[in-house]
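Produce the complete structure using the sequences and hints provided.
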Amino acid sequence: MKLKELTFIFLLLIIGQISYGQINRNKTEMEKSERYQAGWEKLKEIDGEAGENVIESLKDISPELGTFIIEYAFGDIYTRDGLDLKSKEISVVSALTAMGTALPQLKVHINGALNTGSTINELKEIILQMSVYSGFPSCINAMNALKDVLNEREKQGIKDTIGDFSNTPIANRLKTGELELSKLDSTQVEKLKTAYNEFSPELVKFVLEYGYADIFSRDNLDDKYRQIATISALTALGTAQSQLKFHINAGFNIGLTEIEVKEIMLLMTVYSGFPSAINGMNVLKEVVTDRKKNKN
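Quick note: the sequence shown uses the working numbering, first residue 1, plus one each step.
In short, the hints are calculated from the structure, not lab data.
Source: prediction; values computed, not measured.
Just so you know, not all the hints are guaranteed correct.
Claimed, not checked - With beta-carbon atoms standing in for the labels, derived distance ranges: (1) E258 - K193: 46 to 52 Å; (2) K292 - L65: 20 to 26 Å; (3) T239 - K285: 40 to 46 Å; (4) P63 - Q105: 16 to 22 Å.
To be verified - Derived DSSO-like pairs: lysine-lysine, alpha-carbon spacing no greater than 27 Å straight-line: (5) K292 - K262; (6) K224 - K191; (7) K224 - K295; (8) K285 - K295; (9) K292 - K107; (10) K245 - K285.
Quick reminder that beta carbons are idealized off the backbone N, C-alpha and C, glycines included.
What follows is the structure, encoded as structure tokens:
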């Protein structure tokens, strides 16, 4: 075979390889762009300009991070069914409040929660509730973040719904706390007293009077959202598996579904990482198994 013919065949092979590679690249880019586009649309729906500003701020330092946020967090996770957007944003606000390490992101998601149907008083209530699980400093910071977001939205001409508010005086805080805890699990008051009445009766008193009378008895937030907030916070914190187990079980008792709690765990992969989500999913699995055994 002549040199010219060999050269021609060699060139054809190279062109073929380049063309094949280009087709594969185009296919990959098309698949990526579909995830990216779905994520971008969901980001705009939830967080609007606040979310877009986050992505824009990453372009000069790590555009890949911006891409992963859009494709994974909003394209893969937020587009899933199983938990409505209002519940997802309540979940994120409670988790970020409890973690206390991501104030700018908390502001973005407070904005997102308002965009997806939460009222001002519902968000105040979620933040107040976190005082039980992550302490008062995290709540002070989150409440100030809420105030900043509301001021900024007001400057933009956005009128957010204030929502219902009730702060009825409680005649007997201890009794009210017992009743509230019993709504979640009829056996839990007795378990709490058995475990701690001898060693630290003050702990029992404060759990019931503050956690369940002062906070949980307030009717400014639906019971379902209270459990979503608590499950999310405890999963994100990753330090209280027995309490997480109790609140997942309590969530089922007041109407949450297994699918909804699974979606909370998947959502937490974005905000507190895969290890906390895996641990949370394992606790959920344990609760589901126990409940099935108890039914039989």
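Practice item. State, for the Cβ atoms of P63 and Q105, whether the hinted interval 16 to 22 Å holds or is violated. Key: holds (18 Å)
Practice item. Compare the distance between the alpha carbons of K224 and K295 with 27 Å, and conclude whether the hinted pair is satisfied. Key: holds (23 Å)
Exercise for review: Mind checking the alpha carbons of K285 and K295 for me, to see if they're no more than 27 Å apart?
Suggested key: Roughly 16 Å separates the two Cα atoms, so the pair holds.
Check your understanding: Has the given pair, K224 with K191, been kept, meaning a C-alpha gap of at most 27 Å?
Key -> holds (23 Å)
Check your understanding: Falls inside 40 to 46 Å, the C-beta gap from T239 to K285?
Key -> Once the Cβ atoms are compared, 19 Å apart, the range 40 to 46 Å for K285 and T239 is violated.
Point to revise | Holds or violated: K292 to K107, with C-alpha atoms at most 27 Å apart | key: violated (40 Å)
Review point. Could one say that the CB atoms of E258 and K193 fall in the range 46 to 52 Å?
Key: At roughly 30 Å between Cβ atoms, K193 and E258 fall outside 46 to 52 Å, so the hint is violated.
Point to revise | Proposed proximity, K262 with K292 (alpha carbon, max 27 Å) | key: holds (17 Å)
**Study point:** Range hint 20 to 26 Å (beta carbons of K292 and L65) holds or violated
**Key:** violated (41 Å)
Review point. Quick one, are K245 and K285 close enough, alpha carbons at most 27 Å?
Key: Holds: K245 and K285 sit about 10 Å apart, inside 27 Å.
Checked against the numbered hints given earlier, this structure breaks hints 1, 2, 3, 9; the rest are met.
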